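Colleague: Each chain, letter by letter, is given below.
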Amino acid sequence: MNLKIYLGMLRRTEVTLAESFVEVAEGHGEEPDVYFLCLTLARQCLTHQEKLEAVVGRYGEEASDSEPERLHAAGLSQTRSGPVGLLRDLQDLYLLASFVDITWTMVKQAASALRDEELLAVVAECDSQTSTQLKWLQTRMKQAAPQALVAAGE
Amino acid sequence: MADRIADIWGSRTPYGRGGLWPVRVDQALDGGLQEADIDRWVQSACVLCSNGCACDIAVKDGAMVGIRGRAGDLVNHGRLGPKGLFASWQGVSHQDRLTRPMIREHGQLVECSWDTAMGRIVARSQELLRTKGPLSHGFYTSGQLFLEEYYALAVIGKAGIGTPHMDGNTRLCTATAAAALKESFGADGQPGAYEDIDHCDAIFLYGHNMAETQTVLWSRVLDRIAGPDRPKIVCMDPRDTEVARYADVHLALRPGTNLALMHALVREVLQNGWEDSAYLSDHTLGLEDLRKAVEPWTPEAAAETCGVAAADIREAARIFGTSARVLSTVLQGFYQSSQATASACQVNNLHLLRGMLGRPGCGLLQMNGQPTAQNNRECGADGDLPGFRNWENEDHINELAKLWNVDPAIIPHWAPPTHALQIFRYAEQGSIEFLWVSATNPAVSMPQLPRIREILARPELFLVVQDLYLTETAQAADVVLPAAGWGEKAGTFTNADRTVHLSDKAVEPPGEARPDLDIFLDYSRRMDFSTQDGAPLLPWTGPEEAFEAWKECSRGRPCDYSGISYEKLRGGSGIPWPCNDDYPDGRVRLYNDGVFPTDPGYCESYGHDLLTGASIPPTEYKAAAPAGRAFLRSAEYTPPHEEPDQEFPLRYSTGRTAYHFHTRTKTGRSKPLTAAAPKAWVEMAPADCEELGISEGDLVRVSSRRGSIEVPVRVSGIRPGSVFAPFHYGYWDAGGVPGEHPTAANELTLTEWDPVSKQPVFKNAAVRVERIGGATGPAPAPTTTASRPAGATNVPATRGGPDAEASELLAAAAPPQFPGAVNSAGGRS
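The listed protein sequences correspond, in order, to chains Z and G. So for the first sequence, the numbering used here puts the first residue at 1; every next one is plus one. So for the second sequence, the numbering used here puts the first residue at 1; every next one is plus one.
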């Protein structure tokens, strides 16, 4: 069953997202809300990864499929600085979290078809948190964008 | 005569449940003066806490010489607290007052004319608007101006300049009250009334040291306690406050763990079936999510996290769950701690669970810290839109644009208004270059002061400060504007239970000082802010015209003032809004019908995720179809972000004392008040003191990762492991700078805020304490308050002496009652 490809992908990207949240927290320690919330959200991602573990036990997990990776969800290895840098970093997190979010949606589709209640429960809990992560990123970016793009020094 | 420093709450006038709180008229006059010497009495209300006690100012020979409480007012029934009795007038009539504008020349502040000062402001403002645009401008105002002044400032900022960067130090004192009310009920607006004290069977005080922050309200509680059927008292506070001493249950919880305790209380109510199922299904949304959120929080689990006894949690929940009428009051112990909005919402949830809203005695008071904080929230000079309008609702923006006759595009509504700490961050980064501070003192009141001082001192930042005195903040200004104070100008303001009072002008301001309203109107004129037709944006000539304009802005909104007028406010009691055709004399309680302002077209906010502060998208809010139902919102508990460790092993919190207000700009200039609490101190528990070899009065250095203070220790009844510092003590009376022994509590605090209300977290930081010197006497902390020494000591009792004498006239009149106490004449238009 190819579901294992998606489960593997999901586990890996949750870890990548967690690492990226930590990276952004540390790179933007001067913004206390970004710092503390990114650390909280990193912990959420790791919890998602753990919750998937039980399910992976049943379906297996594939490190890669035969399809070549075209778009790399590689995560942030380094942060930028300044108001525009913060915006760009949050935007990168948004892209990565969107990738996680849509992957959860696809796993949910499969779980529904399999009538796998356990997996559906994991999806319900984790995906609603991922969706809130996206909402927070959007809220914070919308707040930061006008000042960064219009008023901040070049 | 009573010594009202020694006896903060005055004589008892006991009464029973359902009875009327007896009248006691408190009066203080300048030494030697008798009532017969007074030329005239001028109606006002006190601006030294959020209680809003009505008073009359005594005037003799053109000067304020005393004060008395107004017997016929629903708020205070004639009483005044120590700050009202002494600092209200003494704190304004002082030789230190600013009397002329000042500008910075070659690094020094020098006096100048109004024309020069305003000219300099306008030149900088216009230049920045031309070269950088409106986002270069920020305004940081107060919780101490009048309604008319906030409204003028809000219109200038939102329709004249078009900047989202407007906030007040209401962010520091009351933002969570507003946020929690919006999250639960759809809009700001205090559900309960002070009168609920008269009817309740139990009072819960959540992080609210009412005995010191609202002394007259506490007198009302004390009179119920002294009466025939005293209400049960439940207190959540890590300190041994006066409230705790009367408590049936005192939950002295670990700072930073409020939400865990609240989860346990909610869980117990649900587990025992004490909820009102019919009310919940008719009037609320979200019960299942709430159940899930609190499920892990057994009394034992919360006891472990919060450091209190599980039995006490059970008993507190039992009192809440089984009393017929419960009154809840919430303040800074919740608002300035971690997960502030989520914790305050759980208090709302407890009341919703039991359907206890809008009925006598079933009150919910999400309190305010400052006297006029409510008006800043209503008028929108603080990060809200005027009239509790929703920045995400295009119709609301269009209403404002029509009212002001401006292009809707100028009103910033593309993102939430910028909160105070973010404004300072933008100033730090240089994208805000013009900052106008009115009637507040961030150089002492903001967290992490070393950083705030650096920001204020930035040469690139053009700083305007408008105040009564040369505060620590004013010393850093480029332009200082001398403002008229309380009693020197007219205006209205609204207290924490929605009661609107008029404060009339009693005397002339000193020198060239001007009312804040006049200063804002002058700026608007000079900037040529205009409507789409080219008429002046602010055509008002005085406060009454501004009030009439505000009435139109508030019409039809929850805070409807359309039925109030200056005439209606004169003579009678203050009036609780809404006051309109439906409620011609105002409305004591909201939500007795269980209908909440959550309709998507009417609500002030679409709400947030309480853990992260993520905005709930409008479509999602509408899909929930609230239809007048309230939201049971919650969040998972997360531990505070700075926990004690080896290097900084103690938990630090800051707060207030009964004798001072804010940064002492007024109370520090009143002799009896400043004598009662002259200098800074910290409070520590006997066990911690013993371990560190510290005795009463020893000098210690308290350090955090941000800075340090050096002050004497009061060995008090605080929870072991905790250190408390009063936040009032800056440097204006100690050379202006921190010097050798810094004293401001905020040297140590953390820059962090609640994700929803954006209120700073003042009540949780990790610190270490070292003894650096022996005592020269007891710590300069009052013995009459939470800072009372632990155990038997030889610390002399705090007394006021002749300067603190005030008279108490008992049963001077029949107790006022709603609506008879309200002036029925005038008002409607």
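Since the hints were derived computationally from the structure, they do not count as laboratory data. Do not take every clue at face value.
[Unchecked claim] Pairs of lysine-lysine, DSBU-like flavour, derived with a Cα cap of 30 Å:
{"hint": "1", "chain 1": "Z", "residue 1": "4", "chain 2": "Z", "residue 2": "142"}
{"hint": "2", "chain 1": "G", "residue 1": "622", "chain 2": "Z", "residue 2": "142"}
{"hint": "3", "chain 1": "Z", "residue 1": "108", "chain 2": "G", "residue 2": "292"}
{"hint": "4", "chain 1": "Z", "residue 1": "4", "chain 2": "Z", "residue 2": "135"}
{"hint": "5", "chain 1": "Z", "residue 1": "135", "chain 2": "G", "residue 2": "622"}
{"hint": "6", "chain 1": "G", "residue 1": "132", "chain 2": "Z", "residue 2": "142"}
{"hint": "7", "chain 1": "Z", "residue 1": "108", "chain 2": "G", "residue 2": "622"}
{"hint": "8", "chain 1": "G", "residue 1": "402", "chain 2": "Z", "residue 2": "142"}
{"hint": "9", "chain 1": "G", "residue 1": "292", "chain 2": "Z", "residue 2": "135"}
{"hint": "10", "chain 1": "G", "residue 1": "132", "chain 2": "Z", "residue 2": "51"}
[To be verified] In silico contact screen, one side only, chain Z against chain G (beta carbon under 7 Å); selected entries:
{"hint": "11", "residue": "88"}
{"hint": "12", "residue": "132"}
{"hint": "13", "residue": "150"}
[Stated by the list, open to error] Stretch by stretch, here's where chain Z covers chain G in the computed footprint (C-beta under 8 Å, at least three residues):
{"hint": "14", "region": "133-147"}
{"hint": "15", "region": "422-429"}
{"hint": "16", "region": "612-625"}
For clarity, every value in this text was computed on a predicted model and none was experimentally measured. Virtual Cβ for every residue (Gly too), placed ideally from N, Cα, C.
Colleague: Next step is simple, just say for each hint if it's right about the structure.
Modeller: Comparing the hints with the structure gives:
1. Z:4 to Z:142: With a Cα-Cα distance of about 36 Å, the restraint between residue 4 of chain Z and residue 142 of chain Z is violated, given a limit of 30 Å.
2. G:622 to Z:142: At roughly 21 Å apart (the allowed maximum being 30 Å), residue 142 of chain Z and residue 622 of chain G satisfy the hint.
3. Z:108 to G:292: Cα-Cα ~22 Å, so holds.
4. Z:4 to Z:135: Roughly 28 Å separates the two Cα atoms, so the pair holds.
5. Z:135 to G:622: At roughly 16 Å apart (the allowed maximum being 30 Å), residue 622 of chain G and residue 135 of chain Z satisfy the hint.
6. G:132 to Z:142: Holds, because 20 Å separates the two Cα atoms, which is no more than 30 Å.
7. Z:108 to G:622: holds (25 Å)
8. G:402 to Z:142: holds (26 Å)
9. G:292 to Z:135: Within the cut-off at roughly 22 Å; holds.
10. G:132 to Z:51: violated (50 Å)
11. 88: Violated. Min distance 16 Å.
12. 132: holds (5 Å)
13. 150: Holds. Min distance 6 Å.
14. 133-147: With 3 residues close enough to chain Z, the hint holds.
15. 422-429: It holds, with 4 qualifying residues against the three required.
16. 612-625: holds (count 6)
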